[in-house]
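Chemist: Given the coordinates of chain A, assemble chain B onto it according to the supplied hints.
Residue numbers (the numbering used here), protein chains in the order written: chain A, 1 to 75; chain B, 76 to 232.
Honestly, the hints are just simulated from the structure, not real lab data.
Glycine is no exception: its CB is placed at the ideal position from the N, C-alpha and C atoms.
Check the hints yourself; a few may be wrong.
Sample of chain B residues with no beta-carbon within 12 Å of chain A, all distances over it, derived [what the hints assert, rightly or not]:
{"no.": "1", "residue": "N78"}
{"no.": "2", "residue": "H89"}
{"no.": "3", "residue": "L98"}
{"no.": "4", "residue": "D117"}
{"no.": "5", "residue": "A134"}
{"no.": "6", "residue": "F160"}
{"no.": "7", "residue": "E162"}
{"no.": "8", "residue": "R179"}
{"no.": "9", "residue": "I180"}
{"no.": "10", "residue": "R184"}
{"no.": "11", "residue": "D200"}
Below are the DSS-like pairs computed for lysine-lysine, each with C-alpha atoms no more than 30 Å apart in a straight line [what the hints assert, rightly or not]:
{"no.": "12", "chain 1": "B", "residue 1": "K202", "chain 2": "B", "residue 2": "K171"}
{"no.": "13", "chain 1": "B", "residue 1": "K171", "chain 2": "A", "residue 2": "K60"}
{"no.": "14", "chain 1": "A", "residue 1": "K63", "chain 2": "B", "residue 2": "K187"}
{"no.": "15", "chain 1": "B", "residue 1": "K187", "chain 2": "B", "residue 2": "K202"}
{"no.": "16", "chain 1": "B", "residue 1": "K187", "chain 2": "B", "residue 2": "K171"}
{"no.": "17", "chain 1": "A", "residue 1": "K59", "chain 2": "B", "residue 2": "K171"}
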Amino acid sequence: MMIDLSSPEDPADGLAAVVALRRLAEQLEAAEVERAMRAGWSWPEVAEALGVTRQAVHKKHAKRLIAAGVELRRR
Amino acid sequence: MFNRFTQDARWVAHDGPRIARELGDSSVEAEHLLLAIARRDDAAARVLHAAGLDEDAIAAALVAETERSLAAVGVSADSLTFSPFVETPRFGRSAKWALELALRIALERGDKRIGTGHVALAILDAKRGTVSRALAIAGVDRETLATEIRSSVVGRP
Numbered sequence: 001m002m003i004d005l006s007s008p009e010d011p012a013d014g015l016a017a018v019v020a021l022r023r024l025a026e027q028l029e030a031a032e033v034e035r036a037m038r039a040g041w042s043w044p045e046v047a048e049a050l051g052v053t054r055q056a057v058h059k060k061h062a063k064r065l066i067a068a069g070v071e072l073r074r075r
Numbered sequence: 076m077f078n079r080f081t082q083d084a085r086w087v088a089h090d091g092p093r094i095a096r097e098l099g100d101s102s103v104e105a106e107h108l109l110l111a112i113a114r115r116d117d118a119a120a121r122v123l124h125a126a127g128l129d130e131d132a133i134a135a136a137l138v139a140e141t142e143r144s145l146a147a148v149g150v151s152a153d154s155l156t157f158s159p160f161v162e163t164p165r166f167g168r169s170a171k172w173a174l175e176l177a178l179r180i181a182l183e184r185g186d187k188r189i190g191t192g193h194v195a196l197a198i199l200d201a202k203r204g205t206v207s208r209a210l211a212i213a214g215v216d217r218e219t220l221a222t223e224i225r226s227s228v229v230g231r232p
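Extracted from the complex, chain A is given alone in its bound form:
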């Protein structure tokens, strides 16, 4: 990933970039939470790193990681 935030000339492009960045952030979160949990991180550690509650990150990601067979640490 390469980032060099600059303002596009046309606001339509800038606003479309906002939409694309939101999606990218969601997908990056899904990928990185999974990577951390596969590496043996705990939910509280991942939550702390993301600046969200343990409940929030667990509610959002636990089901898919369990379905994918990722071994999850309890604490």
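Modeler: Leaving out everything else, chain B in the frame of chain A:
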């Protein structure tokens, strides 16, 4: 809300959320409904296909739109891999808007059923946003496509 939908339109409302989930998107948006329409084989889907918009072509245009939008602020990203979400995502603003507008279009025209053509017209009504940008990238004129659908699918122009 879906009791006046035709069978094909119900499939679109069913497939849209699943397509969103497969793409790893956290909400169902208009582009997922458009992909779901292109997956059908009814009159509206055939108009899309004739314009070069089968499901794969729309998906490719959406990827190109994302890349171009990110590039506008100097961001490039490889596609990310992660285990898919289990829960089906909820309907987001643009998809809700499209379904509501499809209903209004059908009412205004005096059509008893809401078909995929009405949903397509509602999606194509948006001048801005992801779908309109993706169609522009695919070289498809939004208004010409809407006119095609109006005349050959929904009935009266």
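Chemist: Among the hints numbered above, which are violated by the structure, and what are their numbers in rising order?
Modeler: Failing hints, ascending: 3, 6, 7 and 14.
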